[in-house]
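Enquirer: When we follow the working numbering, the leftmost residue of the sequence shown carries the number 228, and every step to the right adds one.
Hint data in this document are derived by calculation from the structure and do not stem from the laboratory. Here the structure is a predicted model, which means the values were calculated and not measured. Be aware that one or more of the hints could be misleading.
Unchecked claim - Now the in silico label distances, taken between C-beta atoms and shown as ranges: (1) 258 <-> 341: 19 to 27 Å; (2) 263 <-> 309: 18 to 26 Å; (3) 359 <-> 265: 35 to 43 Å; (4) 262 <-> 311: 25 to 33 Å; (5) 246 <-> 358: 17 to 25 Å; (6) 230 <-> 253: 19 to 27 Å; (7) 305 <-> 229: 31 to 39 Å; (8) 358 <-> 257: 37 to 45 Å; (9) 230 <-> 261: 36 to 44 Å; (10) 285 <-> 362: 38 to 46 Å; (11) 370 <-> 241: 22 to 30 Å; (12) 263 <-> 285: 33 to 41 Å; (13) 315 <-> 359: 31 to 39 Å.
The beta-carbon is built from N, C-alpha and C at its ideal position, and this holds for glycine as well.
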Amino acid sequence: MLTDFLIRGLDGDSFAALTDAELDELGAYWMIADSSPGFPCRVSLEDARVGERVLVINYWHHKVDSPYRACGPIFVREKALTANLSNCEVPTMLRHRQLSFRAYDSQGVMLDALVTTGVDTEVSICKLFEMPQVEYIHIHNAGPGCFSCAVVRA
228 MLTDFLIRGL DGDSFAALTD AELDELGAYW MIADSSPGFP CRVSLEDARV GERVLVINYW
288 HHKVDSPYRA CGPIFVREKA LTANLSNCEV PTMLRHRQLS FRAYDSQGVM LDALVTTGVD
348 TEVSICKLFE MPQVEYIHIH NAGPGCFSCA VVRA
């Protein structure tokens, strides 16, 4: 059964508002992308281009009161605009990566997970959403394990 879904990037305004002092306090820093793909932006859901400035910052991607609370490093392109994807649209940056899909219930408890290639993104999302108790899915880059984006039912 196919399920309509929506992939969401992070809100770019929350990163643009950070001052240099706040970035220092968080241990975050700017770097220049030296390969593409290689620096997937969690706001625009696009890979940074070679020579583009990206912020490396620790981010609470699963800030819930459960044992699955988690944070980790992410990249944010300078002046990135928040992705505005259509229903069932999959950003190109996911297509060429090995991905980990983690399905959570309304209490933030992981119910299921799977690892597959990005070309199978739609199939993986729909498979996990077959379980009615799944509220949302987090997609991670399987190799480094870092958070990529969230998926909700449309």
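Enquirer: Run every hint past the structure and note whether it holds.
Expert: Against the structure, the hints come out as follows:
no. : hint                    : result
1   : 258 <-> 341: 19 to 27 Å : violated, 31 Å
2   : 263 <-> 309: 18 to 26 Å : holds, 21 Å
3   : 359 <-> 265: 35 to 43 Å : holds, 38 Å
4   : 262 <-> 311: 25 to 33 Å : holds, 27 Å
5   : 246 <-> 358: 17 to 25 Å : violated, 42 Å
6   : 230 <-> 253: 19 to 27 Å : violated, 36 Å
7   : 305 <-> 229: 31 to 39 Å : holds, 37 Å
8   : 358 <-> 257: 37 to 45 Å : holds, 40 Å
9   : 230 <-> 261: 36 to 44 Å : holds, 38 Å
10  : 285 <-> 362: 38 to 46 Å : violated, 25 Å
11  : 370 <-> 241: 22 to 30 Å : holds, 26 Å
12  : 263 <-> 285: 33 to 41 Å : violated, 23 Å
13  : 315 <-> 359: 31 to 39 Å : violated, 19 Å
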